[in-house]
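Colleague: End of the sequence shown sits at 931 in the working numbering; the numbers just go up one at a time, nothing left out.
Source of the hints: derived by calculation from the structure; they are not laboratory data. Treat the hints with care, as some may be off.
[Said to hold, decoys possible] For lysine-lysine, the following DSSO-like pairs were computed, each having C-alpha atoms within a straight-line distance of at most 30 Å:
{"id": "1", "residue 1": "131", "residue 2": "316"}
{"id": "2", "residue 1": "318", "residue 2": "512"}
{"id": "3", "residue 1": "316", "residue 2": "337"}
{"id": "4", "residue 1": "318", "residue 2": "269"}
{"id": "5", "residue 1": "322", "residue 2": "131"}
{"id": "6", "residue 1": "337", "residue 2": "322"}
{"id": "7", "residue 1": "318", "residue 2": "131"}
{"id": "8", "residue 1": "337", "residue 2": "318"}
[Said to hold, decoys possible] Across the chosen pairs, the derived CB separations fall in these ranges:
{"id": "9", "residue 1": "430", "residue 2": "764", "range": "56 to 64 Å"}
{"id": "10", "residue 1": "506", "residue 2": "879", "range": "33 to 41 Å"}
{"id": "11", "residue 1": "114", "residue 2": "137", "range": "49 to 57 Å"}
Idealized CB from N, CA, C, for every residue including glycine.
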Amino acid sequence: MRILFLPAMITSVMMMSGCLLQSSGSTSEIEENEIPSMPRPNPDNCNSTQNYSITSRLASTLLATSVISACTGGGGGSEPTYNVSGQLYTSSNLVIDSDLNDINASFISNNDPDNPQPLPNIVTVQGFASKTGTGAQASQNGSLERFASNYDEDDFYSVSLQRGQVITLNVVDDDGNTTEGIYQGDLDLYLYDPDSLTGLPISTSNGTEATEEITVPADGEYLLLVSAYSGISKYVLQLTAAETSIVSTGNTSPLSTDFVPGEALIRWKDSASSIKATGNSVMAYGHQVTALSSASDYPVRATISAPLTLQTQQQKSKFAQKMPGAFNHRETLNTIKALNARDDVEYAEPNYVRKAVLTPNDPLYRYQYHYNDIKLPQAWDLTSGSSDVTVAVIDTGVFLNHPDLSGKLVSGYDFISSTAASRDGNGIDNNPDDPGDSNQQGASSWHGTHVSGTVAAITGNNRGGAGVGGDTKVMPLRALGLNGEGTSYDIIQCIRFAARLSNDSNTLPTKKADIINLSLGSEFSSDAEQEAITAARNQGVIIVAAAGNEDSSQAFYPASYDGVISVSATAPNNSRAYYSNYGSKIDVAAPGGDLRYDTNGDLQSDGVVSTSVDDSTGTRAEDYNLQQGTSMASPHVAGVIALMKAVYPELTPQNVDDLLANGSLTDDIGSTGRDNDFGHGLINAYKAVNAANDLAGGGAITPVPVLEADPDALSMGSSSAISFTLSNINDNADDPAVTAEVSEDWMSLDASLTTDGLGEYTLNIDRTDLLDGIYEGLILFTPDDGNPLEVRVSMLVGEIVDLGDSAPQYVLVIDDITGEVAAEALVNADGTYTVEGVPAGSYRVTGGSDIDVDYYICQNGETCGGYPDSISEEVIAVSADVTGIDFIVSIVSGLGSGAASIQAQRSVPVVKQEPESSDTSTTPVKRSTVE
């Protein structure tokens, strides 16, 4: 049996290729920069049967690569064909650049600083920019592209920003992600005061790395520019909230960056001779750079000027016409960047007048709403966990150098026996470091790292998020390798190692794990796995597993084995998550997230935030992302049990079973008593720790007041007042006297209905003189006994900017046996789609955007998804029309995603279609999967 994991929003890729067809798009309306026209080749006539098969069958929907044939259709003849239809959903708070390369996208030019594209002040933007036309190098059909013969150098955005907000530009160079690595580019980021359009920028970020970042120095209205320095690239632009704190951090407002435009300081290398051979002048970025000294023992000052031909071309730019000072500033920086790339230059830099140093700080605990759902902050008032408690995470391994897991890991093991699947070049070894589960750069899931962070990420280190288990340690055990697959045998070895039972490593850990987390599985049972689980339970190990993401009542293993706590997933409104399995084997529920919505108003999709890895540059680096699935729910429960174990070290598996059965660990959120959606209810960390304390005889925890606000977060929207209640929920402790303070001048509290600070409060909002935007604040309640409580507040000033259309989405129906594309369709504006002309057979369904029209969906910077989600692979059998094939697409990059690439090459151009409905039948066929 082969096993995959399922965080419900990570995706896959397969490799195919084929021919290209022409579409009827037009570029006559383009108002962007023009370059000399180029021929637009018409492809050869495309045979509908000319499909190139892949070399091997796609084994998993996780992180494989697909290049789809360029011909739709079923091969001719009289073979009947059918329709496949459904609904596509996109993650919340995603905006598209209004001038994408895809001709199917709606178009409004944003290259004019007088007419910028408006943005809300917390948002993710999917964009495209270019310094040169694409030449239709990938599509071979210029009529499909807006910028085949033109270029899109400048994207201007207008936005109200608050001091401390962070603007991050992820430049998607597509290195290794396109058919021939055609599109590569370097983009930069500029921030301007719109009331001083001829002046210098307030801040710039114009390096050569994949990420550019600016921290906003003060509240205000801003003009934001994404500028193409060279080449062609997709990008992801993120505007994140300023950190809010009661504690003053002093005056950290940076000075403006300023220098002399048209000048540079250059340090020539000792061996440089080109400068002397050319009369102290060189060319860089099309500009003439003239040194004002021939000195070689110190940096020289040089002037930068544009030749007449370049000046003529530049004057066509609306940026140059309307912001000449800012334009010259950018040209100076671009020329200096080009100088630094020369072999004869040691370094080049602006001739500074003054410069800024900006230090971003963006902890993510604010987005871990799911911890409030399970009363975790109240549990932390009672215990911070124990470093003597260990949770074994059997998964893809862990990025051992992640700083938010530093000091939280004990020695583990890599039990992947197949060298072909291990991706570390060998079989089993004592190194559980995760090298990634995809051969595609930037496409790995880092599933084990995400799960481990939910269990035990460092809490209170002003970095990233927090782990449920506090001081709990993690034992990383690697069983899932390439494509997120693992075998039962390797998983069994991990279980035995964690329980200090004999195993193939011929070694034993110093101390057995107290708890095992298994965010993986399939619908197939195994006697050998059940035997290993029984043996581990007999050693006193408590085993927790994900219930599965198929929205099915079918038993899912290992969660359904005897002796395993099966965890279903809840959505933010405490309903069963739309993907979560259910049934008689469910024991307990925990938050799993739902990336389709933002129900709590924090302007992030409601996924689960945890530790991750960014390897888009080829080197692994610390990251955090949002994922959804029962994979995310299970470590919540494992972490809570770890807190119980810290209070009562003798806690046994049977103790936990008994406490679950009598309702001591949960809130009953479904039908009264146990039900098939939530088992015994939603895990409640506070009740669980108290139950463990009762088992310990009541002496392990000194009764202290525990504050709780209802509601626990205040999303004001446009309201000016809201009431809430503050109470002490620990019946064993006397009520404290509580003082309250607010973090922001626009907030005030009416406590007239409270007694000693407990009771009903009214929060009032004063929006006078505030700029339009979304604001956050804190209310801090401090008791005279016990721990303080923070209540987060968010509110809106002005109107929310319309998020507008999403990028055009394409749905591909891919033959499960051959890997060929049977057909594709362009999704309608309302998210519905119908793929026509699908022959009878078994298929996978994948969707995503192609904003640069390189005929690849699901690259970094694109949206991507698969049915029913991007990890739990489901094959649909088509023998009649099929409906209800609904799934989510999320952007592949940054914190909003949690999705890795399913790269797939699109087929022919498709035209927009009207929504259809018809009678259908579906016969799902499922492979072994994981959560």
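Colleague: Could you tell me which of the numbered hints above are not met by this structure, giving the numbers in increasing order?
Modeller: Of the numbered hints given earlier, those the structure breaks are 2, 4, 10 and 11, listed in rising order.
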